[in-house]
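K.L.:
Build out the structure end to end from the sequences listed, making use of the hints.
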Amino acid sequence: MSSIGTGYDLSASQFSPDGRVFQVEYAQKAIENSGTAIGLRGKNGVVFAMEKLVTSKLYEPGANRRLFGIDRHIGMAVGGLLADARQIVETSRKESSNYRAEYGGDVPLRYLTDRVAGYIHAYTLYSAVRPFGCAVILGSQEPTGPSMYMIDPSGVYYGYKGCAIGKAKQAAKTEMEKLEFSNMNIRELVKEAAKIIYMVHDEVKDKAFELELSWVGEDTNGLHQRVPDDIFAEAETFAKNSLKEDSDSEIDES
Amino acid sequence: MSSNLSFDSFSTAIAGSHAGPKKLTQTPVTTGTSVLAVKFNGGVAFGADTLGSYGSLARFRNCERLLKINESTMIGCMGDYADFQHLKDIIEQMAIDDLCKDDNITLSPRSLHSWLTRVLYNKRSKMDPLWTTVVVGGIEKGEGFLGFVDKLGTAYKDPIIATGYGSMIATPLMRNAWRPDLTQAEAVKMVEDSMRVMFYRDARAFHKYHLGIVTADGCQIQGPLEVQPDWSIASLISGYE
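Chains as they are written, first to last, in the working numbering: chain L, 1 to 254; chain Z, 255 to 495.
Source of the hints: derived by calculation from the structure; they are not laboratory data. Some hints could be false.
Said to hold, decoys possible - Calculated cross-link-like contacts (lysine-lysine; reagent style DSBU-like; alpha-carbon spacing at most 30 Å): (1) L:Lys94 x Z:Lys322; (2) L:Lys94 x Z:Lys342; (3) Z:Lys355 x L:Lys43; (4) Z:Lys377 x L:Lys94; (5) L:Lys240 x L:Lys207; (6) Z:Lys355 x L:Lys161.
Just so it is clear, the structure is predicted and the values come from calculations on it, not from any experiment.
P.N.:
Here is the structure:
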């Protein structure tokens, strides 16, 4: 599956004979090692959920968050190298602030995504720099409805109804396809999102993780925010109970 | 005019480089009149009328001169309205940046007051002032805070603040009625009464105003409210025909 690009993989400014830019592909590999992040776009908002892997008991809870606010109305979930991701967050915040200063209003998500994707793409053109080793999912509640985009290290972006990045993205996507989430509102979605994270988390390989949840939608008046503590607790309990039910039912069947 | 020439070279020398248009001490264009504010037991109350005067012309009659920054901070601005709008854009972006960082550190009245003092003082020291007087108020560490900064960078804190003509007309009235344990209702009444007297006496005042209140429960701006004037007392004033 993975091919060795010997000789053609030393800089982003080189193509391989079969037309691939290996540095960009290697950057995409970096994301596959990070904790899973998912975004779900529902009927009236967008929900982000994150499996933030905790590699040491000595870390404070809430350290190294991977969910960011870009402006009042836009949230960003990141996967991959966190330091690279923070650079993209800063750039996105500046773009959003510039748009507000020039045009006097909230930046539309597709405009911001286009600008940020262009920035990320620029780092795939020169041998003097390396591509960003992270993918970002952006979401917002616009006047026309909720919208969500994902940008990968190549600078390509798509609009999504549901997307996943990170270790268990395949398993997460499978779970998502089972759900009819386009018609759910964010209060229900938040519980489903937490459940998916708990389901795809690998207890054997990665022991501890922190669940991160954030949302933006009609119910939050278009403001992106971390899910309030009481709803967070409700979603986490729902997720843990669903896991237990599934494992109990498996025991019964055997 | 010859007197201007010497003033020109004086300010340019202070300003230093000649990059960009020459910036001298301006005259304000569209202006707001006084802002009143009083600290009560549990918060602060602000009053500012909704008039943007164009010299002596009562031109824009629906200008909001109070600005909510977050649940614990509010400002009211007098003077050039364009300079207020400029500050508003900058401060609003600071508030958005706070929201994004989401680290439980937000702009507090004291830090905003300090920031404004530095900005206004440094601008005036370059002979390029923002022609505004700002009242900053809110809840700081659980208690009410009220601060004043003017276009010179003069800054102070007091339980009663009024700018412009308000400092001469309303301040004595408010000081007579103030107590440290003033309630919110009494403070609001004090602001209402003062806005009425301001309307009687300040020739650049207006009968509609916004009322801003900051308490531990949050910050809200009400309005436009209307002054209920009683002109029957006019006949008692000597000189009235």
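K.L.:
None of the hints should be skipped; say for each whether it holds.
P.N.:
Hint-by-hint comparison with the structure:
1. L:Lys94 x Z:Lys322: Measuring from Cα to Cα gives roughly 23 Å; hence the hint holds.
2. L:Lys94 x Z:Lys342: holds, 18 Å
3. Z:Lys355 x L:Lys43: holds, 27 Å
4. Z:Lys377 x L:Lys94: Holds. Lys377 (chain Z) to Lys94 (chain L) sits at ~25 Å (cutoff 30 Å).
5. L:Lys240 x L:Lys207: holds, 15 Å
6. Z:Lys355 x L:Lys161: holds, 27 Å
Checked against the numbered hints above, the structure breaks none of them.
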